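This note's numbering numbers the first residue of the sequence shown as 1 and each following residue consecutively.
Where hints are given, some of them may not hold.
Listed below are the simulated DSS-like cross-link pairs for lysine-lysine, each with C-alpha atoms no more than 30 Å apart in a straight line [what the hints assert, rightly or not]:
| # | residue 1 | residue 2 |
| --- | --- | --- |
| 1 | K21 | K123 |
| 2 | K21 | K5 |
| 3 | K101 | K5 |
| 4 | K114 | K33 |
Using C-beta positions, here's what the derived DEER-type ranges look like [stated by the list, open to error]:
| # | residue 1 | residue 2 | range |
| --- | --- | --- | --- |
| 5 | E38 | Y103 | 31 to 41 Å |
| 6 | E86 | Q8 | 35 to 45 Å |
| 7 | E14 | A73 | 22 to 32 Å |
| 8 | E18 | Y83 | 16 to 26 Å |
| 9 | R25 | E86 | 25 to 35 Å |
| 10 | K21 | P79 | 41 to 51 Å |
| 11 | S77 | T4 | 17 to 27 Å |
| 12 | V63 | E32 | 42 to 52 Å |
| 13 | E32 | K101 | 39 to 49 Å |
Please keep in mind that the hints were generated in silico from the structure rather than gathered at the bench. None of the values given here were measured: they were computed from a predicted structure. Glycine included, each C-beta is placed from N, C-alpha and C at the ideal position.
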Amino acid sequence: MRTTKLEQLIDQLENYVECWKQFNRFLNLGREKRCSQEDDTQFLDVKSVLIQQLELILASIEVSSPTRDDVHALVGSAPSLRYLSELSEGALRNLENQWHKIYIAWHAILGQLKVRQRIEEHKSAWAALFG
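Between the sequences and the hints, there should be enough to build the whole structure, so can you do that?
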């Protein structure tokens with residue numbers, strides 16, 4: 001993978017991980033049972049970005065975990081903040097656990113891409129020296 005494409009993919013994945021953080025913030029809003037219609041609209045927007053960006057990422061790299069089904073299952077199990085506010089604490093903990101597994105998996109992929117980026121930069125430096 002060319003260095004510029006790799007840098008773009010790393011940037012894209014870093015932004016994607018930020019959206020996962022926002023998703024967790026909304027889970028907590030649902031738990032606290034304090035959410036407005038504007039919050040629910042923003043939650044829907046975050047979920048849309050998560051699903052759309054997932055497809056772009058999967059088209060760029062092969063990912064074994066998290067799977068498309070894992071992501072769709074989690075996002076689909078949280079249709080609205082009102083729905084989340086009506087869940088039991090155990091159900092919310094389960095969603096949070098699923099979120100955490102996916103979040104950690106994306107960070108692992110991001111780390112792997114950054115390792116690949118360093119290797120490519122190192123190769124480029126050697127090629128420049130001994131070109």
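Inset, instruction - Go ahead and decide if the range 35 to 45 Å is satisfied by the Cβ distance of E86 to Q8. - result: Check passed, 41 Å falls within 35 to 45 Å.
Inset, instruction - Go ahead and decide if the range 39 to 49 Å is satisfied by the Cβ distance of E32 to K101. - result: 23 Å, violated
Legend entry - Satisfaction of hint between K5 and K21, Cα-Cα up to 30 Å: 24 Å, holds
Inset, instruction - For E14 and A73, compare the CB-CB distance with the range 22 to 32 Å and indicate the outcome. - result: Holds: the Cβ-Cβ distance is about 24 Å, inside 22 to 32 Å.
Legend entry - Verdict for E38, Y103 (Cβ pair) under range 31 to 41 Å: 25 Å, violated
Legend entry - Status of the given 25 to 35 Å range, CB of E86 versus CB of R25: 19 Å, violated
Inset, instruction - Given the hint that K114 pairs with K33, test it: the Cα-Cα distance must not exceed 30 Å. - result: 38 Å, violated
Legend entry - Satisfaction of the hinted span 42 to 52 Å by the C-beta atoms belonging to V63 and E32: For E32 against V63, whose Cβ atoms are near 32 Å apart, the range 42 to 52 Å is violated.
Inset, instruction - Would you check the hint for K101 and K5, treating anything up to 30 Å between C-alpha atoms as holding? - result: 27 Å, holds
Legend entry - Hint consistency between K21 and K123 [alpha-carbon to alpha-carbon, up to 30 Å]: With Cα atoms ~34 Å apart, K21 and K123 exceed 30 Å; violated.
Legend entry - Range hint 16 to 26 Å (beta carbons of E18 and Y83) holds or violated: This hint holds: roughly 24 Å between Cβ atoms.
Inset, instruction - Take a look at whether the Cβ-Cβ distance between K21 and P79 falls inside 41 to 51 Å. - result: 20 Å, violated
Violation of the numbered hints given earlier is confined to hints 1, 4, 5, 9, 10, 11, 12, 13; the remaining hints are satisfied by the structure.
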